[in-house]
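A.B. asks: Chains as they are written, first to last, in this note's numbering: chain A, 6 to 289; chain B, 31 to 342.
Hint data in this document are derived by calculation from the structure and do not stem from the laboratory. Among these hints, one or two may not hold up.
Below 35 Å or equal to it, Euclidean Cα-Cα: the simulated DSBU-like pairs (lysine-lysine) are [unchecked claim]:
# : chain 1 : residue 1 : chain 2 : residue 2
1 : B       : Lys52     : A       : Lys237
2 : B       : Lys240    : A       : Lys142
3 : A       : Lys265    : A       : Lys200
4 : B       : Lys186    : B       : Lys248
5 : B       : Lys218    : A       : Lys205
6 : B       : Lys297    : A       : Lys142
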Amino acid sequence: MHQMTVRELEKAAKDIRIRLLTLCNKETIHIGGDLSSADIMTVLWQYQMNYDPDHIHSEDRDRFILSKGHASAVTSFNQAAIGCFDAEDVIAEYATDEGRFSMHSCNLVNPYVEVSTGSLGHGLPIACGIAAGLRLKGNYTSRVYTVMGDGEQSEGSIWEAAMNAVHYQLGNLVALVDFNGLESDGTIDEITGLKNIADKYRAFGWNTIELDGHHIGQIKEAFDGLPPADSKVPTVFVCHTVKGKGVPFMENQRRWHAGKISDEQLKESIELLEKEFEGGGSHE
Amino acid sequence: MNKEKSFLRNVIGEYMTTLGEKNENVVIVNADLAGTCRNTSFVEKYPDRAFNVGIAEQNMVSFAAGLSVEGFIPYAFSMAPFLTMRALEQCRTDVAYGNRNVKLMGVYAGVTGGISGATHWAVEDCGIMTSVPGMSVFEVSDAILARKLMDYTLEKEGPTYIRIGVEPTENIYNEDISVCTGGSVLAKDGEDGMILCSGVVVQYALEAAKRLRENYGKQIGVVDMYSIKPIDETAIEKAAATGHILVAQDHVEHGGLGMQVANVLVKKGLQTRFSYVGLPDRFVPMAHAPYLYHEFHLDGEGLAAEMLKLWE
């Protein structure tokens with residue numbers, strides 16, 4: 006855990022968004038979901054998680070599994086922010102043939118990726134195995150964090166794991182759902198009618214917290230209020246977010262699931278993000 | 031040679047307690063088939079090291095991958111069709127892509143599920159699992175071989191699939207055999223031709239060799255290709271030197287051992303008469319396994335007839 010104020014974290018989240026847009030000016034990235042999860046990822050990586058870039062195999066680290074594997078850029082920029090590598094490296098190497106960073110996270114080339122992901126519905130089940138493994142080893146202090154998408158909740162394997170986590174009393178497991186309401190082919194309501202994600206996790210027996218996934222203060226508070234790692238009930242944060250958050254022309258637009266922006270769009274978007282931040286942010 | 035028969039799923043399931051004694055990192059993940067997979071003795075002896083995720087094979091494999099991230103050696107047990115087909119993407123992405131030290135244990139291999147029908151058969155699993163990058167694939171034919179292979183899985187790290195039948199098999203080997211990746215066992219030597227086979231079929235190949243010797247005076251050898259991938263290319267070269275190779279496996283012909291052997295023959299430019307037998311390219315109604323082996327020329331009589339065709 007790192008001592009950072011809400012204001013400092015808001016700045017960090019703004020910087021992450023600028024990095025994302027800078028990369029998005031160079032390459033196609035999954036910008037919509039990167040931006041919707043930018044705030045929760047920033048607070049998770051830069052405030053909450055116990056993760057030392059110089060000791061990435063240390064037993065007492067917290068584990069992170071990116072279940073929505075396409076949010077690789079926002080993960081990499083947050084890892085850069087805590088010193089895993091330079092953010093400039095992410096931009097330079099992204100989607101290059103011998104680079105460490107690309108459309109999804111791959112631990113064959115990037116040792117800071119605990120588990121390679123990309124196909125949906127895998128992260129939560131793997132996180133359960135890790136959480137159970139920690140307990141079996143007698144590690145009752147580390148936590149396992151996983152960030153999922155909302156469309157991903159349609160995968161049956163998520164609910165296999167949701168049952169399993171409660172059954173095995175994995176209180177060291179913290180899942181975050183980036184509930185931005187949009188999936189590839191349309192809105193969540195149009196495609197699956199998967200409305201009450203929080204109710205579903207509650208029904209499965211999870212400690213379920215609903216929060217505004219762009220309210221840094223709320224996110225920080227939710228992490229501060231987590232039950233101890235040696236407790237018996239897994240926690241899920243259902244984070245209400247906006248796909249493309251922070252870039253008005255992308256917000257709630259399905260076509261910005263993935264894409265690339267022009268120099269002009271980049272310049273305007275950065276100006277807007279800086280202005281919003283200078284204006285005090287929306288959630289002081 | 032001990033002529034008693036063994037049930038290999040029992041041998042393997044029960045041997046898990048020995049593996050558990052040998053290495054404290056050995057854990058089991060079941061998907062509500064601990065009884066079927068005969069590993070309940072481990073579950074009772076090491077309850078903390080045995081997980082049961084319920085009827086959820088995808089979760090079983092991902093969960094096992096997660097345990098391996100933390101340094102455990104998970105053995106994930108299910109029926110071969112559910113393990114290799116329902117949870118294939120988890121086997122491929124979470125286990126193989128991650129190069130995890132997970133052992134995927136598939137019982138009811140081939141048509142040994144017999145009267146349960148095609149839902150409970152795995153006649154495609156070798157084709158499927160051998161195509162997964164980095165996945166080692168083994169098939170067991172005999173109790174001693176099975177135990178040795180289980181010991182070997184503790185030494186050999188990495189993604190591994192073991193196909194295990196449920197038909198009783200004759201005890202073939204003595205303790206002097208050894209097992210390794212890319213290995214095979216010369217179950218019987220022969221200079222006129224060789225039957226390359228695996229699993230439940232090995233015993234039938236030995237019977238075929240006996241028939242061919244007694245009735246036709248032909249000295250036919252039998253090679254147990256228990257390492258399906260990687261495959262023992264040297265054994266194939268030696269077999270080719272006899273001039274007659276028949277490959278037989280309880281698997282559809284496409285993607286099975288026959289094609290793997292054919293591939294080596296072609297790549298190495300080896301000259302030999304060659305044929306292979308397996309299950310046909312269509313779904314077959316449920317029936318007892320021995321009936322199916324007879325129907326598709328995988329029993330002693332059928333294999334002897336198929337071998338003789340190589341001289342036609």
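A.B. asks: If a hint holds in the structure, say so; if it does not, say that too.
C.D. replies: Evaluation of the provided hints:
no., hint, verdict
1, B:Lys52 / A:Lys237, "holds, 31 Å"
2, B:Lys240 / A:Lys142, "violated, 53 Å"
3, A:Lys265 / A:Lys200, "holds, 30 Å"
4, B:Lys186 / B:Lys248, "violated, 39 Å"
5, B:Lys218 / A:Lys205, "violated, 60 Å"
6, B:Lys297 / A:Lys142, "violated, 47 Å"
Of the numbered hints given earlier, the model fails hints 2, 4, 5 and 6; all others are met.
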